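Note that the protein sequences, when read in sequence, are chains A and B.
184 is the number that the numbering used here gives to position 183 of the first sequence; each next residue is one higher, with no gaps.
459 is the number that the numbering used here gives to position 458 of the second sequence; each next residue is one higher, with no gaps.
No lab work stands behind these hints: they were computed from the structure.
Incorrect hints may have been included.
Identical copies go unnamed one by one, so any copy, or any two together, can satisfy a pair.
[Unchecked claim] Derived lysine-lysine pairs resembling DSBU-like cross-links, with alpha carbons at most 30 Å apart: (1) LYS243 <-> LYS261; (2) LYS3 <-> LYS101; (3) LYS371 <-> LYS563; (4) LYS120 <-> LYS483; (5) LYS493 <-> LYS3; (6) LYS535 <-> LYS48; (7) LYS6 <-> LYS427; (8) LYS64 <-> LYS53; (9) LYS3 <-> LYS427; (10) LYS13 <-> LYS427; (11) LYS59 <-> LYS3; (12) LYS434 <-> LYS538; (13) LYS493 <-> LYS53; (14) LYS401 <-> LYS384; (15) LYS535 <-> LYS59; (16) LYS261 <-> LYS538; (17) LYS462 <-> LYS371; (18) LYS13 <-> LYS434; (19) LYS493 <-> LYS64; (20) LYS120 <-> LYS101; (21) LYS483 <-> LYS240; (22) LYS120 <-> LYS48; (23) LYS59 <-> LYS499; (24) LYS499 <-> LYS538.
Since this is a predicted model, take the numbers as computed values, not measurements.
Number of protein chains: 2
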Amino acid sequence: MKFSKMFIPTTKETPNDATLPSHQFLVRGGFISQTGAGIYDYMPLGKIVLDKIRAIVKEEMDKSGANEVQFGFVTPLSLWQESGRATTMGNELLRFKDRKNGDYVLSPTNEEAVVNMVKNRITSYKDLPINLYQIYTKFRDEARPRFGLMRGREFLMKDAYSFHDSKEDLIREFNLMEETYKNVYNRLGLEFRVVEADSGAIGGSGSKEFHVLANSGEDTIVVCDSCDYGANIEAATRKANKKEKLETISQEKVETPNCKTIEEVSNFLNADAYYSMKAVIKKAIFEESSEVVVFFVRGTDELEETKACNAVDALELEDASEEDVSKAGLCAGYCGIVNLPENIKVFVDNELAEDNNLVCGANEENYHFKGVDLTSMENIVYKDLVAVQEGDLCSCCGGKLSYTKGIEAGHIFQLGTKYSEAMDAKFLDSNGKAQPFEMGCYGIGVSRLVAAVIEQNHDEKGCIWTKATAPYLVDVIVSNAKKDDELEAGMKIYEALKDAGIDTIIDDRTKERFGFKMGDFELLGFPYAVVIGKKLKDGIVEIVDRRTLEKEDVSLDEVVSKIEEKLK
Amino acid sequence: MKFSKMFIPTTKETPNDATLPSHQFLVRGGFISQTGAGIYDYMPLGKIVLDKIRAIVKEEMDKSGANEVQFGFVTPLSLWQESGRATTMGNELLRFKDRKNGDYVLSPTNEEAVVNMVKNRITSYKDLPINLYQIYTKFRDEARPRFGLMRGREFLMKDAYSFHDSKEDLIREFNLMEETYKNVYNRLGLEFRVVEADSGAIGGSGSKEFHVLANSGEDTIVVCDSCDYGANIEAATRKANKKEKLETISQEKVETPNCKTIEEVSNFLNADAYYSMKAVIKKAIFEESSEVVVFFVRGTDELEETKACNAVDALELEDASEEDVSKAGLCAGYCGIVNLPENIKVFVDNELAEDNNLVCGANEENYHFKGVDLTSMENIVYKDLVAVQEGDLCSCCGGKLSYTKGIEAGHIFQLGTKYSEAMDAKFLDSNGKAQPFEMGCYGIGVSRLVAAVIEQNHDEKGCIWTKATAPYLVDVIVSNAKKDDELEAGMKIYEALKDAGIDTIIDDRTKERFGFKMGDFELLGFPYAVVIGKKLKDGIVEIVDRRTLEKEDVSLDEVVSKIEEKLK
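Looking at chain A on its own, in the form it has when it is part of the complex (with noise of 0.2 Å):
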């Protein structure tokens, strides 16, 4: 492709609300451009690296045996409430009517039209299992759509829903699917790590996801530093903290003046922090209704509020306020787990079980309990509740966890019969007894891979593209291109990388001059420019690694030679 052709409208802008790399970079490459919050054209190049990393992931679907397809981006909201998620999805959810009043929404994801394709159709054990997948448009209403492509509204998506006759075949397709995003992700050229992860609104048990490690990068991830053991933070867990366990003591009300945290506490009453129980109050959100909920971590712990929430199996937590706190009848500071108002729900982390000399809040201003003996109470719900930190144990192998920071590009799915059973989708197993079908789902967030490879291959200068994400792998640069021996032996160069297969594309511009064109390639990140410039009387040019930025002479007869080595 030669430049001169091609539309590809570089600016030194950057939008205001551009904080992070990709954003910036992407849109001063002329690769995207924003018309509406969350929502974005692809220019040309930024459609080839779209349309590349598709292909990688269309390529290894294929290859695992699953079947593409292509659903109705529109779908009528009837089969979501057939679901059930109607509901349960919120603001998300793009509802919309249609000019006969019927109710369509945008399709966020397609466990509903997946089983309404295949229900009916496969109808014994005999045609299964099946993994039916497709790249297609996705929209989902962000409350706040940012970041560029890495949090968009209007998304491109992989996803794709396995059917079995049984919990062991889901778990060997899990498996193969966790294999074949290993493989897109390898291919891509992408440092990433697979993670336990929770099931979120999608439902199901056990879940993967899959993290592009990048320092901008919205989640946090713990991973052991001697094992393989990585966890996104809201679905770690860690070997349980234990420190020697105190003397059973009778319990006893105390006075703490003025004592709200658990610091506070801790120093007046000369206590170790470990021993006492942190309450968190918060308000758990429902399809119809909401209420205040207690959750108790130990004193030195921290709530992690997706294992709260999933407790309590609520839509969402929110921070209770002042009032919501004191129609609960609770006293903020002075939370406690004896002498709670009944119909309050408390939860109270694991790691808490065995504890049987604690100091708490007495639910009364100003006054704690010591000496609580957890092992005497009844009815507790323990739940693991506990955010993990750096320098806990590892579950696994007992070494050390620490963070890091990832880009969730993937994530796969157990959903078991959850949607089957909801819409009422059955086969007959062997035995002609009807069955719900066990489903997987399996989620990779293609245009967010577009972001994701810019956020882990960049410099101050611009995107540095991988080889298999790059939307041409070298640039060459005809330093001035009005002169014709200068454009010539370009356009020789050009031709002949392009013969070897190489996807080049030729800086041909007349009205542009060198530095201008060299900030371009920059900017846009193709792995090698070839510059044919002064030298070229000697036969001469010069070969540039966008990555180091490395400056290499050649000859003219080395050069494809040399650029064929380097993308080896």
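Please build the complex by placing chain B on the supplied structure of chain A, with the hints as guidance.
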């Protein structure tokens, strides 16, 4: 691919509303599945066909030098307000509000989006011409979605938009697109016709349609039997139909009791209907008003409604009601050009312009005028209003015109400056003067082509895909897949065909009988089948040609070369 691993849910059930063969067979063959009015899912075989067509369109567009982009499917309504189409597009433009009450539309076409992309990014004539295209989802909220993929609401379209510094350069690109489109339809293996067309709501001057010829086509096309001339009936012209000119006589009012039709008047006056004026009273609908308009054509001609609508520059024409007619002061059955109420807009067909002795209504019950001389009247607006009839003569060569039926599968337009002016998109010409871009736009209905292929290529048993569009070229049918020798021979042939680069599927299903598999082959329409059956013991298999259903015995070692020969 193996049938046993692919989701191909064929069925004997035809949807109630499916009148067209393509609709029936695509649903019965498990290519597509309806999820809402005019909204279809593509199942695996349908997705392959769609992608094959998409790939050919992309290749030819790339070959023409156009750049592929992708516009947001969701676009802000504000863009449509800028161009003025927020009002003129009517209910086909689906609007909705997002969670923040912002106004958006589902893109039915992208003139606004492309002008928005190019505006302020291309600022000099030096960066022109450019042609930007995408192959992406569209939504048009059709009043009557029907005929399966033929007139859906969500569909896949290739839309291209070119920008030029002169009309001449636009015409050059327009012609290049015509050649590009011909390449596309030729490669798809379709019989088609390029015809002159009305520009409709897209606007601009000069447009051509590409029609796939099929009996079920919704459009009537006028074609010449001697030259290349072809036109949509809406735009067709003819050699003026001229009889001998009569002598001028003086105008006279005559009583014509109960003679309301041209036939009644002609019989009563014993005159040739050719020398009379037929009045057609219509109600023209504008953006914010409507009015009664009268069109006159020769007594032996018919009014072409689209031409009439363009003449008055209305959004659409409706039949005038009795009330409309009397309110306008007109007299149904006796409407004529003499003594018409003032303020009524009147248009007269071009072919009447020289006539000097005509019969027309007197705008008075039971009276007509004779001897009406149009050449003596002033301020008459003449337009081409006539519907070309079969047997009329070609305006290019004088050959005979006839009707045929076509499916509109492509349309190219010279838009001119309609959108660039409305949206203030300008470039600096070589004199440094700001000029609005000259634009062209070019559409191909990609998903409609899936249906069009079948409308042109089917029999009573099912689909007959062309070689370029077939999901697989060969179906290796193992008559009884429980027999090891048959399955083994089938697999060998399947592998050999794949090794020869031929897209092949093997019907290896153990649970289905031969008759069922043959029925699926006929319904699904792969070009050839290789049947492994009883003669296998003699080293013989059968090749079946789907189009002719002819069978041919071939020896095992000849299969691949025979198939290769047939596919040439």
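Alpha-carbon proximity context of LYS493 and LYS53, limit 30 Å: within (26 Å within a copy, 34 Å between copies)
Identical-chain pair category, LYS493 with LYS64, by Cα at 30 Å: between (38 Å within a copy, 20 Å between copies)
Homo-oligomer pair classification [LYS240, LYS483; C-alpha up to 30 Å]: neither (69 Å within a copy, 54 Å between copies)
30 Å Cα threshold - placement of LYS101 relative to LYS120: Cα proximity of LYS120 and LYS101: one copy only (27 Å, versus 36 Å across).
Alpha-carbon proximity between LYS535 and LYS48, which holds within one copy, between copies, both or neither at 30 Å: For LYS535 and LYS48, the Cα distance exceeds 30 Å both inside one copy (35 Å) and across copies (52 Å).
Homomeric proximity label, LYS493 with LYS3: Cα distance no greater than 30 Å: within (13 Å within a copy, 46 Å between copies)
Homomeric proximity label, LYS3 with LYS427: Cα distance no greater than 30 Å: between (55 Å within a copy, 24 Å between copies)
Within, between, both or neither, where LYS3 and LYS101 count as close if Cα-Cα is 30 Å or less: neither (49 Å within a copy, 43 Å between copies)
Same-copy or cross-copy closeness of LYS120 to LYS483 [CA-CA at most 30 Å]: between (65 Å within a copy, 28 Å between copies)
Status of LYS499 relative to LYS59 across identical chains (alpha carbons, at most 30 Å): both (25 Å within a copy, 19 Å between copies)
Intra/inter-copy verdict for LYS261 and LYS538 if alpha-carbon distance must be at most 30 Å: neither (80 Å within a copy, 90 Å between copies)
Within, between, both or neither: LYS462, LYS371 at alpha-carbon 30 Å: neither (60 Å within a copy, 85 Å between copies)
The structure shown violates the earlier hints numbered 2, 3, 6, 12, 15, 16, 17 and 21.
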